[in-house]
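Chemist: Here is what each chain is made of, one letter per residue.
Protein chains: 2
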Amino acid sequence: MNSGAQAAAMNFLNEVADEFPSAISFAAGRPTDRFFGRLNGAALLDAVARYERHARISCTQSKHGPNLLQYGRTAGIIGELVIEQLASDEGVHATPDRVIMTSGCQEALALCLPALCPDKRDVALTCNPTYIGFTCAAQAGGASVVALSNKVVSIADAIERAVRELRRIRRRPRALYLIPNFDNPTGRLLDERQRKDILDICRRERIVVLEDDAYGMFQYDGEPVASMSALDQSGCVIHLSTFSKTVAPAVRVGTLVLPESLFGDQDARKSLWKELVQRKSFITVNTSQITQAIVGGLLLQENRSLKEWIRPAVNWYRTNRDVMLDHLKRVFAPISTRTWWNRPAGGFFLVMKVPFRFDADSVTDCATKHGVVVMPMSFFAFDKSQDHRIRLAFTCVDPEQIRIGIEALGDFVASRMGKWGNCRQQATVV
Amino acid sequence: MNSGAQAAAMNFLNEVADEFPSAISFAAGRPTDRFFGRLNGAALLDAVARYERHARISCTQSKHGPNLLQYGRTAGIIGELVIEQLASDEGVHATPDRVIMTSGCQEALALCLPALCPDKRDVALTCNPTYIGFTCAAQAGGASVVALSNKVVSIADAIERAVRELRRIRRRPRALYLIPNFDNPTGRLLDERQRKDILDICRRERIVVLEDDAYGMFQYDGEPVASMSALDQSGCVIHLSTFSKTVAPAVRVGTLVLPESLFGDQDARKSLWKELVQRKSFITVNTSQITQAIVGGLLLQENRSLKEWIRPAVNWYRTNRDVMLDHLKRVFAPISTRTWWNRPAGGFFLVMKVPFRFDADSVTDCATKHGVVVMPMSFFAFDKSQDHRIRLAFTCVDPEQIRIGIEALGDFVASRMGKWGNCRQQATVV
Numbered sequence: 001m002n003s004g005a006q007a008a009a010m011n012f013l014n015e016v017a018d019e020f021p022s023a024i025s026f027a028a029g030r031p032t033d034r035f036f037g038r039l040n041g042a043a044l045l046d047a048v049a050r051y052e053r054h055a056r057i058s059c060t061q062s063k064h065g066p067n068l069l070q071y072g073r074t075a076g077i078i079g080e081l082v083i084e085q086l087a088s089d090e091g092v093h094a095t096p097d098r099v100i101m102t103s104g105c106q107e108a109l110a111l112c113l114p115a116l117c118p119d120k121r122d123v124a125l126t127c128n129p130t131y132i133g134f135t136c137a138a139q140a141g142g143a144s145v146v147a148l149s150n151k152v153v154s155i156a157d158a159i160e161r162a163v164r165e166l167r168r169i170r171r172r173p174r175a176l177y178l179i180p181n182f183d184n185p186t187g188r189l190l191d192e193r194q195r196k197d198i199l200d201i202c203r204r205e206r207i208v209v210l211e212d213d214a215y216g217m218f219q220y221d222g223e224p225v226a227s228m229s230a231l232d233q234s235g236c237v238i239h240l241s242t243f244s245k246t247v248a249p250a251v252r253v254g255t256l257v258l259p260e261s262l263f264g265d266q267d268a269r270k271s272l273w274k275e276l277v278q279r280k281s282f283i284t285v286n287t288s289q290i291t292q293a294i295v296g297g298l299l300l301q302e303n304r305s306l307k308e309w310i311r312p313a314v315n316w317y318r319t320n321r322d323v324m325l326d327h328l329k330r331v332f333a334p335i336s337t338r339t340w341w342n343r344p345a346g347g348f349f350l351v352m353k354v355p356f357r358f359d360a361d362s363v364t365d366c367a368t369k370h371g372v373v374v375m376p377m378s379f380f381a382f383d384k385s386q387d388h389r390i391r392l393a394f395t396c397v398d399p400e401q402i403r404i405g406i407e408a409l410g411d412f413v414a415s416r417m418g419k420w421g422n423c424r425q426q427a428t429v430v
Numbered sequence: 431m432n433s434g435a436q437a438a439a440m441n442f443l444n445e446v447a448d449e450f451p452s453a454i455s456f457a458a459g460r461p462t463d464r465f466f467g468r469l470n471g472a473a474l475l476d477a478v479a480r481y482e483r484h485a486r487i488s489c490t491q492s493k494h495g496p497n498l499l500q501y502g503r504t505a506g507i508i509g510e511l512v513i514e515q516l517a518s519d520e521g522v523h524a525t526p527d528r529v530i531m532t533s534g535c536q537e538a539l540a541l542c543l544p545a546l547c548p549d550k551r552d553v554a555l556t557c558n559p560t561y562i563g564f565t566c567a568a569q570a571g572g573a574s575v576v577a578l579s580n581k582v583v584s585i586a587d588a589i590e591r592a593v594r595e596l597r598r599i600r601r602r603p604r605a606l607y608l609i610p611n612f613d614n615p616t617g618r619l620l621d622e623r624q625r626k627d628i629l630d631i632c633r634r635e636r637i638v639v640l641e642d643d644a645y646g647m648f649q650y651d652g653e654p655v656a657s658m659s660a661l662d663q664s665g666c667v668i669h670l671s672t673f674s675k676t677v678a679p680a681v682r683v684g685t686l687v688l689p690e691s692l693f694g695d696q697d698a699r700k701s702l703w704k705e706l707v708q709r710k711s712f713i714t715v716n717t718s719q720i721t722q723a724i725v726g727g728l729l730l731q732e733n734r735s736l737k738e739w740i741r742p743a744v745n746w747y748r749t750n751r752d753v754m755l756d757h758l759k760r761v762f763a764p765i766s767t768r769t770w771w772n773r774p775a776g777g778f779f780l781v782m783k784v785p786f787r788f789d790a791d792s793v794t795d796c797a798t799k800h801g802v803v804v805m806p807m808s809f810f811a812f813d814k815s816q817d818h819r820i821r822l823a824f825t826c827v828d829p830e831q832i833r834i835g836i837e838a839l840g841d842f843v844a845s846r847m848g849k850w851g852n853c854r855q856q857a858t859v860v
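Chains V and E are the protein sequences, given in the same order.
Counted the way the working numbering counts, the first sequence spans residues 1 to 430.
Counted the way the working numbering counts, the second sequence spans residues 431 to 860.
Just so you know, the hints here were simulated from the structure itself, not pulled from any lab data.
Fair warning: there could be bad hints in the mix.
Stated by the list, open to error - With a straight-line Cα cutoff of 35 angstroms, these simulated DSBU-like cross-link-like pairs (lysine-lysine) come out: (1) K274(V) with K799(E); (2) K550(E) with K270(V); (3) K270(V) with K814(E); (4) K369(V) with K196(V); (5) K550(E) with K384(V); (6) K799(E) with K369(V); (7) K799(E) with K270(V); (8) K384(V) with K704(E); (9) K120(V) with K783(E); (10) K704(E) with K120(V); (11) K274(V) with K759(E); (12) K783(E) with K274(V); (13) K369(V) with K550(E); (14) K700(E) with K384(V).
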């Protein structure tokens, strides 16, 4: 994946819905609008007012509490509330001096990557495929990315192999980007054993794990697995999270939590925190105090946990996932041996394999002729291994749209295949 | 100024007020809180609702208008309104395909600098002293900065000399950062002749001018001078502005306007726009649609001009400037030959020369012992030329604080000087 392709894909991800406004979109990893009514104007105002009252009483910054309309603390103003939420909802424990509020999780990546990989020989590792926002942030920050082999059984083994190979050519693996909970784009959930193995090798090789936990709270089956940050004993995990999926993307508020020490060195963590805060002041000065107050006020209203707040969305997404799985099974039954999809236990996406190369032209074709937009997995990949796969987001559609969309996808796949195509077309006529 | 010093100074700038909460601050270039009451909760809500109604009627993006709580267009959603405001208030003319809404003006700098200076040999020019946010953005974006000589009579001549010298060592000057209206930190206003001369040399040498126009609307005397962007005939000016001073810093909304063509090449401008939008998606994805809607709603309410909106602030700042000038004259009369200050026709700052080196320790001393915080000009400088100068912001204080603060500054200066110190102390006792 070259940088031009990355950039094009990132743009595509962000604006694909606008490009085909009348098509059903399984493309963008957006939260549903369905429950945004709870954040109407009056509710936003309530949240800001609630946070203001709280800040006046508890603020240690000044006698009058922060003036929300002014410039503000670079590291943010709602860190203490977010710490309580992270502890309650994600089992992530932090202290205020380890937290930075960012302008979305994307800014957190843009801050961390150049800080962790300052030298030309430094390398950030990631899975293949991976979230494209990571590769783009690395590109913007001048950090080199190396993808782990997806042919090795475990990620820990892939890291070990990569470290060996990189050492040989005098490169230094310094960071590992990972979405352990319901990975974007694969939907994969890493179990505790896998997480511990990864932490082991990262501790030994002094690789900092950037744990992107955008989806951890959206689990539909089974038990939650402890976060990498909670399992981290040696100080190698930076925990990244966002309120884009739980509250609303438009708040543009994310959180970065450093470990208590960096590989046992508390001073190193303190310097890193300082450096990240400085970098943030160079890029965005500080995150809007208005939108921080919206998040802060909501956290106060919800008693420092978003579990109840997101429950309707979690239920909706679970239903959508099941509806999508049902329709996939029904529509693609005639070619079940030539297609494949996973059943993610959470998150926003599932992955489907189709019997042909699904590229950017296929997206346009499928959108314009069949009215459904999907994401080619090749957009997230470093090689051709994902060329026959697509990512299907089930969060920003309703069950009826899923039915129509999967039918339409079936039509498109049929149109690309000779025989099954014909038999399917007859079947739908009958 | 090394990068560590830059970073420390930037941090100091952002957080100095919190460090000495009980001191009177002439340090931070903040707008006054005095008129923020007009943006109380209900007003914010009104603005968002007004923008939403407008967007539903006029939005070309989708049938329903934008969903403000979602992710959104990377280049922003209020470009068309901002264009009307820029035309009316600043004489800057643009089309929507040349505008990018940014997360404050700082992000605009962070986007432009690596885009304009991609090569190691590329150089961004700036005045000495200059706004530290520029040097920090350049540092974050990996762009080299070269300061123009402040010993040459005109900036245009200084550019010509710098170009010659840089060419000799095979470096390429690609950008010039400039605050033509009431410069931060010097308060200087460039006249039309100076602007045209700078544009001439920049056109000839193909140097892009980054015109930072944060203060243009805050003029207290005389006639406004046409912006560099309005005077630009050849396509060499990128116009940067911010709503931090006119509306409120907490909206974190700025605007970047590209010229119609880049040195006559419209395709080059289109590619640059695309590149900047992509870079933005790598760093912050998009600027909060909530805070964009606040700005958009206010622009609608104010009929696409902020002139009336800021009039109370402009009057307040003018009075403050005059009060500060009066007190400076009174307090420093005994050493009028050893001090000096300018009388800016607008903006947030004036510069004062004192008879000793005013460094970071002096700031702490002056703040803790005399209760007043000022900014050493050395924080903005590339050499020792500013070591005896301080920057005094008169926007975020009231006349009584100015009186007390300038008196206190007088005491501090006196304490640093033998003879006048004694005579002054006697004078105040009498």
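Chemist: K783(E) and K274(V): Cα distance at most 35 angstroms?
Modeler: holds, 32 angstroms
Chemist: Hinted pair, alpha-carbon criterion (35 angstroms max): K274(V), K799(E). Please report holds or violated.
Modeler: holds, 28 angstroms
Chemist: Straight-line Cα separation of K369(V) and K550(E) no greater than 35 angstroms?
Modeler: violated, 47 angstroms
Chemist: CA of K799(E) to CA of K369(V), is that 35 angstroms or under?
Modeler: Outside the cut-off at roughly 75 angstroms; violated.
Chemist: Mind checking the alpha carbons of K704(E) and K120(V) for me, to see if they're no more than 35 angstroms apart?
Modeler: holds, 27 angstroms
Chemist: Check whether the Cα positions of K550(E) and K270(V) lie no farther apart than 35 angstroms.
Modeler: holds, 31 angstroms
Chemist: Is the Cα-Cα distance between K799(E) and K270(V) 35 angstroms or less?
Modeler: holds, 30 angstroms
Chemist: Holds or violated: K369(V) and K196(V), Cα atoms, limit 35 angstroms.
Modeler: violated, 47 angstroms
Chemist: Keeping to a limit of 35 angstroms between CA atoms, is the pair of K270(V) and K814(E) held or broken?
Modeler: holds, 31 angstroms
Chemist: Given the hinted pair K274(V) and K759(E), is their alpha-carbon gap at most 35 angstroms?
Modeler: With Cα atoms ~41 angstroms apart, K274(V) and K759(E) exceed 35 angstroms; violated.
Chemist: Decide if the proposed pair is consistent with the structure: K120(V) and K783(E), CA atoms, cutoff 35 angstroms inclusive.
Modeler: Violated, at roughly 43 angstroms.
Chemist: Compare the distance between the alpha carbons of K384(V) and K704(E) with 35 angstroms, and conclude whether the hinted pair is satisfied.
Modeler: holds, 27 angstroms
The structure fails to meet hints 4, 6, 9, 11, 13 from the earlier list, while all remaining hints are met.
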